[in-house]
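Number of protein chains: 2
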Amino acid sequence: MPEAAETRTRGPYRTGVRRREQLIGIAMDVFGEHGFAGGSLRTIAEQAGVNHATLIQHFGSKEGLLTAVLEEWDRRTVENGLIDVSGLDYFRRLPEVMAAHRDNRGLLELFTTIAAEASSPAHPGHAFITQRYTSNLATLAGHLQEAVEAGDIVHLSPAQIEIEVRLFTAVMDGMGLQWLLDPETDIHASVTTYVERAIAAWGGR
Amino acid sequence: MPEAAETRTRGPYRTGVRRREQLIGIAMDVFGEHGFAGGSLRTIAEQAGVNHATLIQHFGSKEGLLTAVLEEWDRRTVENGLIDVSGLDYFRRLPEVMAAHRDNRGLLELFTTIAAEASSPAHPGHAFITQRYTSNLATLAGHLQEAVEAGDIVHLSPAQIEIEVRLFTAVMDGMGLQWLLDPETDIHASVTTYVERAIAAWGGR
Numbered sequence: 001m002p003e004a005a006e007t008r009t010r011g012p013y014r015t016g017v018r019r020r021e022q023l024i025g026i027a028m029d030v031f032g033e034h035g036f037a038g039g040s041l042r043t044i045a046e047q048a049g050v051n052h053a054t055l056i057q058h059f060g061s062k063e064g065l066l067t068a069v070l071e072e073w074d075r076r077t078v079e080n081g082l083i084d085v086s087g088l089d090y091f092r093r094l095p096e097v098m099a100a101h102r103d104n105r106g107l108l109e110l111f112t113t114i115a116a117e118a119s120s121p122a123h124p125g126h127a128f129i130t131q132r133y134t135s136n137l138a139t140l141a142g143h144l145q146e147a148v149e150a151g152d153i154v155h156l157s158p159a160q161i162e163i164e165v166r167l168f169t170a171v172m173d174g175m176g177l178q179w180l181l182d183p184e185t186d187i188h189a190s191v192t193t194y195v196e197r198a199i200a201a202w203g204g205r
Numbered sequence: 001m002p003e004a005a006e007t008r009t010r011g012p013y014r015t016g017v018r019r020r021e022q023l024i025g026i027a028m029d030v031f032g033e034h035g036f037a038g039g040s041l042r043t044i045a046e047q048a049g050v051n052h053a054t055l056i057q058h059f060g061s062k063e064g065l066l067t068a069v070l071e072e073w074d075r076r077t078v079e080n081g082l083i084d085v086s087g088l089d090y091f092r093r094l095p096e097v098m099a100a101h102r103d104n105r106g107l108l109e110l111f112t113t114i115a116a117e118a119s120s121p122a123h124p125g126h127a128f129i130t131q132r133y134t135s136n137l138a139t140l141a142g143h144l145q146e147a148v149e150a151g152d153i154v155h156l157s158p159a160q161i162e163i164e165v166r167l168f169t170a171v172m173d174g175m176g177l178q179w180l181l182d183p184e185t186d187i188h189a190s191v192t193t194y195v196e197r198a199i200a201a202w203g204g205r
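Line order of the protein sequences matches chains A and B.
Residues 1 to 205 (full-length UniProt numbering) make up the first sequence, in order.
Residues 1 to 205 (full-length UniProt numbering) make up the second sequence, in order.
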């Protein structure tokens, strides 16, 4: 068992980082296929050739492993085009960001399944997912407020901004789901139509 | 065991219908809480006080039971305001229809979870859910085409109609999910904003 050897003579820092990345990659696959509730730490450990204790050592708990997976998803999403854009440009970049998920089907499947599963307050990931939505809605609201303050769009009340960022989030979640169900779905064209329509409604230029 | 009695002396037709409705109600609760993959026929049978064979007798299979549950959901949705509306009025009624889901949280949770789970082609409900999306998109497209032909909105190409009905579906799915995650979400206001904006973009009157 490679596990025993690793536990006895823990490698240098870089080895630990690589092992952690490998475990996150396997967890993505397993959660992506079975969901968070259905994907067990035992399956992940078996596929990685490590034991349960190693997973706990790296991530603390199943929720900790999910957090690491979703952080990796966020990192890739930001790398896919949301660095150095703000205000209206942030919204204009969203069709590309969504289209890039086509290269990460497993991750999109994972996130879509977990968000839906965790809509039940009894789900162990409920607090985590609700916090994540709150945080993402706040990010979108910040960019919209910035566009208002820059004079790029008309004034929007806090209640209007809330509606706008929820609709953007709904369009992205919903189009992601439709693309998962039918890979012929033109996610880029749909999100572009939505972005242009929203910016026009805001009197954007 | 009430089960044995029922099997020996099957009641009149009305009793069978009531029993079927009762089983569907319990299946809704169990699938709503555990998802389709996680909700077992055994749990449903136990909660209903019947045995596995009775479930199979009524529904044929787990997929058959899910079909019955989703048909019941469709029936309630239509009763909630989509009878006798067509063309643009169909779209104008959607905020109310979505808002009515607030009274059926379990069903919305069930549908949202199953649609996400079944996005994986390996899921036993995948074919069923993709067929259901195809059918619902066609219904929306029919109403939009009707509005075009009535001269209520500008001409839309088939490709544009496809984008429009996918965006409507995304907004409804996505806003449903956000309301499940945060019951403070004003689903009626958000969907109303979307409907009015879309109709304005179509040059609707």
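Check before you lean on any hint, since a few could be wrong.
When chains are identical, the list treats them as one kind, so a pair holds in a single copy or across two.
[Stated by the list, open to error] With a straight-line cut-off of 25 Å between C-alpha atoms, the simulated SDA-like cross-links for lysine to any residue are:
#	residue 1	residue 2
1	Lys-62	Ala-201
2	Lys-62	Ser-86
3	Lys-62	Ala-122
4	Lys-62	Gln-145
5	Lys-62	Ala-159
6	Lys-62	Asp-182
7	Lys-62	Val-148
8	Lys-62	His-155
9	Lys-62	Glu-146
10	Lys-62	Arg-197
11	Lys-62	Leu-82
12	Lys-62	His-123
13	Lys-62	Arg-93
14	Lys-62	Ala-200
15	Lys-62	Asn-104
The set of hints was computed from the structure by calculation and includes no laboratory data.
The hints, checked one at a time:
no., hint, verdict
1, Lys-62 x Ala-201, "neither (43 Å within a copy, 46 Å between copies)"
2, Lys-62 x Ser-86, "neither (34 Å within a copy, 48 Å between copies)"
3, Lys-62 x Ala-122, "both (16 Å within a copy, 24 Å between copies)"
4, Lys-62 x Gln-145, "neither (36 Å within a copy, 49 Å between copies)"
5, Lys-62 x Ala-159, "neither (36 Å within a copy, 44 Å between copies)"
6, Lys-62 x Asp-182, "between (31 Å within a copy, 23 Å between copies)"
7, Lys-62 x Val-148, "neither (41 Å within a copy, 52 Å between copies)"
8, Lys-62 x His-155, "neither (44 Å within a copy, 52 Å between copies)"
9, Lys-62 x Glu-146, "neither (37 Å within a copy, 51 Å between copies)"
10, Lys-62 x Arg-197, "neither (41 Å within a copy, 42 Å between copies)"
11, Lys-62 x Leu-82, "neither (29 Å within a copy, 43 Å between copies)"
12, Lys-62 x His-123, "both (13 Å within a copy, 23 Å between copies)"
13, Lys-62 x Arg-93, "neither (33 Å within a copy, 43 Å between copies)"
14, Lys-62 x Ala-200, "neither (44 Å within a copy, 47 Å between copies)"
15, Lys-62 x Asn-104, "within (22 Å within a copy, 31 Å between copies)"
The structure is inconsistent with the numbered hints 1, 2, 4, 5, 7, 8, 9, 10, 11, 13 and 14, although it conforms to all the rest.
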